[in-house]
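Protein chains: 2
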Amino acid sequence: MTTATAPASHPFVDKHQSVLDEAAAALAARSYYSRYPESPSPRVYGEGAAEAGLAAYEALRDNAFGGLGDVRTDGQWVGEEVSPYGPALGITYPHLDLDAALTAAADAMPAWRDAGARTRAAVCVEIVERINQRSFEMAHAVMHTTGQPFVMAFQAAGPHAQDRALESIVAGLVEQERIPASVVWEKPGRDRQGNPAPIRMQKDYRVVPRGVAVVVGCNTFPTWNGYPGLFASLVTGNPVVVKPHPRAVLPLALSVAVCREVLADAGFSADLVQLAPDAPGEGLAKVLAERPEVRIVDYTGGPAFGAWLEENGAARGQLVYAEKAGVNTVVVDSTDNLRGVLGNLAFSLTLYSGQMCTTPQNLYVPRDGIATDEGTVSFEDFGARLAAAVGKLTGDDAKAVELLGATVNDGVRANAAGLAALAEEAGGTVVLDSREVTHPAYPEAVVRAPGLVSMDASREDVYTQECFGPVGFLIATAGTDQSLAQFRDTVREHGAMTAAVYSTSEDVLDAARDAAADAGVALSENLTGPVFVNQTAAFSDLHGTGANPAANAAYVDAAFVANRFRVVTSRRHV
Amino acid sequence: MTTATAPASHPFVDKHQSVLDEAAAALAARSYYSRYPESPSPRVYGEGAAEAGLAAYEALRDNAFGGLGDVRTDGQWVGEEVSPYGPALGITYPHLDLDAALTAAADAMPAWRDAGARTRAAVCVEIVERINQRSFEMAHAVMHTTGQPFVMAFQAAGPHAQDRALESIVAGLVEQERIPASVVWEKPGRDRQGNPAPIRMQKDYRVVPRGVAVVVGCNTFPTWNGYPGLFASLVTGNPVVVKPHPRAVLPLALSVAVCREVLADAGFSADLVQLAPDAPGEGLAKVLAERPEVRIVDYTGGPAFGAWLEENGAARGQLVYAEKAGVNTVVVDSTDNLRGVLGNLAFSLTLYSGQMCTTPQNLYVPRDGIATDEGTVSFEDFGARLAAAVGKLTGDDAKAVELLGATVNDGVRANAAGLAALAEEAGGTVVLDSREVTHPAYPEAVVRAPGLVSMDASREDVYTQECFGPVGFLIATAGTDQSLAQFRDTVREHGAMTAAVYSTSEDVLDAARDAAADAGVALSENLTGPVFVNQTAAFSDLHGTGANPAANAAYVDAAFVANRFRVVTSRRHV
Chain A
1 MTTATAPASH PFVDKHQSVL DEAAAALAAR SYYSRYPESP SPRVYGEGAA EAGLAAYEAL
61 RDNAFGGLGD VRTDGQWVGE EVSPYGPALG ITYPHLDLDA ALTAAADAMP AWRDAGARTR
121 AAVCVEIVER INQRSFEMAH AVMHTTGQPF VMAFQAAGPH AQDRALESIV AGLVEQERIP
181 ASVVWEKPGR DRQGNPAPIR MQKDYRVVPR GVAVVVGCNT FPTWNGYPGL FASLVTGNPV
241 VVKPHPRAVL PLALSVAVCR EVLADAGFSA DLVQLAPDAP GEGLAKVLAE RPEVRIVDYT
301 GGPAFGAWLE ENGAARGQLV YAEKAGVNTV VVDSTDNLRG VLGNLAFSLT LYSGQMCTTP
361 QNLYVPRDGI ATDEGTVSFE DFGARLAAAV GKLTGDDAKA VELLGATVND GVRANAAGLA
421 ALAEEAGGTV VLDSREVTHP AYPEAVVRAP GLVSMDASRE DVYTQECFGP VGFLIATAGT
481 DQSLAQFRDT VREHGAMTAA VYSTSEDVLD AARDAAADAG VALSENLTGP VFVNQTAAFS
541 DLHGTGANPA ANAAYVDAAF VANRFRVVTS RRHV
Chain B
1 MTTATAPASH PFVDKHQSVL DEAAAALAAR SYYSRYPESP SPRVYGEGAA EAGLAAYEAL
61 RDNAFGGLGD VRTDGQWVGE EVSPYGPALG ITYPHLDLDA ALTAAADAMP AWRDAGARTR
121 AAVCVEIVER INQRSFEMAH AVMHTTGQPF VMAFQAAGPH AQDRALESIV AGLVEQERIP
181 ASVVWEKPGR DRQGNPAPIR MQKDYRVVPR GVAVVVGCNT FPTWNGYPGL FASLVTGNPV
241 VVKPHPRAVL PLALSVAVCR EVLADAGFSA DLVQLAPDAP GEGLAKVLAE RPEVRIVDYT
301 GGPAFGAWLE ENGAARGQLV YAEKAGVNTV VVDSTDNLRG VLGNLAFSLT LYSGQMCTTP
361 QNLYVPRDGI ATDEGTVSFE DFGARLAAAV GKLTGDDAKA VELLGATVND GVRANAAGLA
421 ALAEEAGGTV VLDSREVTHP AYPEAVVRAP GLVSMDASRE DVYTQECFGP VGFLIATAGT
481 DQSLAQFRDT VREHGAMTAA VYSTSEDVLD AARDAAADAG VALSENLTGP VFVNQTAAFS
541 DLHGTGANPA ANAAYVDAAF VANRFRVVTS RRHV
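Just so you know, the protein sequences line up as chains A and B, in that order. For the first sequence, the positions run 1 to 574 when the working numbering is used. For the second sequence, the positions run 1 to 574 when the working numbering is used.
Be aware that a few hints might be false.
Some chain B residues close to chain A (C-beta under 7 Å, calculated; not the full set) [as the list claims (entries may be wrong)]:
# : residue
1 : 311
2 : 568
3 : 572
Think about it this way: if two alpha-carbon atoms lie no more than 30 Å apart in a straight line, the pair counts; the simulated BS3-like pairs of lysine-lysine are [unchecked claim]:
# : chain 1 : residue 1 : chain 2 : residue 2
4 : B       : 392       : A       : 187
5 : A       : 392       : B       : 392
6 : A       : 15        : B       : 187
7 : A       : 399       : B       : 187
8 : A       : 187       : B       : 399
Derived from the structure by calculation, the hints contain no laboratory data. We treat Cβ as the ideally placed atom computed from N, Cα and C, and that holds for glycine.
Please build the complete structure, drawing on both the sequences and the hints.
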């Protein structure tokens, strides 16, 4: 490739130019933008789309997954997914021959690098567009690997994840295009006779990838948490190996299948994106992270392995973007809309049985109660009212399961079943036990409504541990000053993905903003309507901050993409 | 602080608005820009400036350094600097009480954070402007701590370092200002009656610092390598502790003194920038890196401690920007200007006795010789001609010392004295021994002209080690294909800060660009004039790439600044 010759425009660049420009402008503005409609309505996705998606999902069941095409496999077929709703999926996936796969990835890199940022971005958009067309199929795949209820699986794993993917693509594109391709540098000077004699050089700046990137998927949000790293690495020129969670392979297998199909259609090697499912007991994420070819790792999962990845990566000059765990916090001070507070919090605790990395866990309430539009409400009454709101929301099994979904693993089930023991340990009270819900369609599913345990603010030893799943802690404080101090200190030390405050006082809200800034966590204030602290909107809300131990990065800011590529200059006199 | 109220503009913002805008535009364009004149002429810096600078430096000698004002000291005075030109400096510096110093840094942070990015940037510009006024004093301080010759000390440690500082400041400013301070987010929606009912939220984005930043200075370029990290951290809101190299304290002490003076003048705590000189044997860099308050480390120095910092940092979620060591490479293929090649290379090898992190070490030359405008020149003849060019440049002691400066430490002296042994080990030849030069003004200085050792390309075991100082290796290859392959592979594995190629063939230049892209190192092509491979220009050339083991970052790109701050959102319905 001669740098002086501009590469011919790729057809996908023409096709997606306006999407790229529009999405880039939206990301800079951080106001509302969404490309992929979140409504599963036939008016949006077309008549028959829902049925076709279900049929496509059903066709995948009890079969070898063939969508990946010609892969670098060692001939093994692996896969033991069982739906949290009961049935085994019966799907097997080709296991990679790692040496061959990493060689193929490296071989594919130069052509992808030299295609340039805009072509890469356009190819990535084409991938997301085609993934969007399979949103119903994806919804079933996600529902039956994560336990999400169907509509949530459609939205969060479909359009919302697709919007996050597009956000990541344009963030990477903009970042690469901030460096000019070529400049003439002219330094004023004079020769020995005093005549102007500038020094002129041409400098060409070439974006180069880091090397092979690995995405380690999680069980609960395989696409929503997987796409930002996948597309951030791919758009910046790096081949990507996607290592799905063994219990949530299918959503990423479908995604990788689309990546490979589009890459091949676009004239690139399909091996720029490969799926690396684990053989039983293989621990493939660790094996991959220890390979010298791997220069970037994106990870969502438990803190112990996340910490290992970070240390291992540092020893190898590998970039590691890790989202781990934390103690999401709500400070309740006062409100002029108690019903709104209770309804909003009940929904946040209930959605997907509290199995979101953004679900609140620690609710600080003054032990002397709070001022509300219904008069002063005591700590105990607040707990009782919140329990009642949860009960109302989840009281009907058939309706409840559409919010709760199913519990994803035994850890969550143990947490939900252990409230009495936990209350005893904490010297507290079970305000609301986690109710067992029977799923009308899937009797084998273990479904749990949220429970609440109250305890004193002195029991940091208990409430600074993440208790993942449908469990909230009502923590009695000496007052809002203590609530805010505990909020700041515990999040600083233990991390959080989200925080919320309820107050009618501007001074308290200001103090909460300062505490959130000190703790390094985003703050939602007085949410009483249809927006929930668990939710972030692509192009506007950052998911995570990278400023507390819960995550070292955010979706999606410049820091998430700027270091995934490097710039190599060549300069010469002209 | 209420986020709704814009802070009143700081006087320094008005004063430096145009500098900030101009420098930001220059950085985006990456064409020529320099704010601080590199000529030490009285026409530029004023009559008497040189004499006043010398007098200011002399006044510092044999004294306790008082310029830091009221510091958090434990009462010890430390400092054992000895000029590479001979005399002891006799200067002592107040040793920090680390607990008090880190507490003071943390206490100073909120006001600095809440001042906003533009005020911080303007205060930083004021610091650099005042440092510029002390460029002659700084030149003597740098000359007598690093061994640089005077004019180089003036330029590299003065205006060039100041330009790099300004570059870092505007890079940090631009990055922070990419995030809007506040937006209204409006999601379209309809109520149950089908009437438009958008969801509206105000979202405020607040830039927050990481925490205390540490800059670990090096012996050879304390300001040039120190300022980018110092100002990148400071402009993004982080207090900075500057830990100078024990043999090069004064240049950073002067710099920190100006920082503290300006910060206090601007109404902020002087403790936002503190000097942390080591007590003998203290190993303060390690102590600092292990403090939980320290969230960012910028380091220039040896690879062993650099690797320790990176691993230690990863375990703590600390950001580490490290420039370590490498094997800078020149590929000689052919030329139409042999004299120009030889003169340029001789100068690059000679400048500061090869003690730059950018000095070439490995020169690959085909063993069958190269095509030139003077006919085919054999490998041996090329070596002899280069030796002659070095000899001509450094033959006169009085003129030579103005290029060579003095050797900075015993390691360099041992390398310069060990060429015969090295040649024997490598099965090669001493093409030019490193000549001992007598400094006419400083007879105690150990001054060495460059030496050259030839060896075969098979002796990777020798030439992939960094041999810091006035030593170049002429490496005989089977041809340019092997030269480029060795270049790519050795730099990929061992790192490099710079690379150069000489060729008349566009195909070879293209191949060299591809090899440089694969190796992740910047390439200078056919330099035969007044630009040298050792030199990079702020605002245009990236120093380092972060893409090979020599350094994990570059001066200055977005990745160097984007992660030094984080963004905390607060959102509410409006």
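Here is how each hint holds up against the structure:
1. 311: Since chain A brings a Cβ to about 5 Å from residue 311/B, closer than 7 Å, the hint holds.
2. 568: 5 Å, holds
3. 572: 4 Å, holds
4. 392/B x 187/A: 28 Å, holds
5. 392/A x 392/B: Not OK: residue 392/A and residue 392/B at ~92 Å, beyond 30 Å, violated.
6. 15/A x 187/B: 27 Å, holds
7. 399/A x 187/B: 26 Å, holds
8. 187/A x 399/B: 26 Å, holds
When the structure is compared with the earlier hints, a violation turns up for hint 5 alone.
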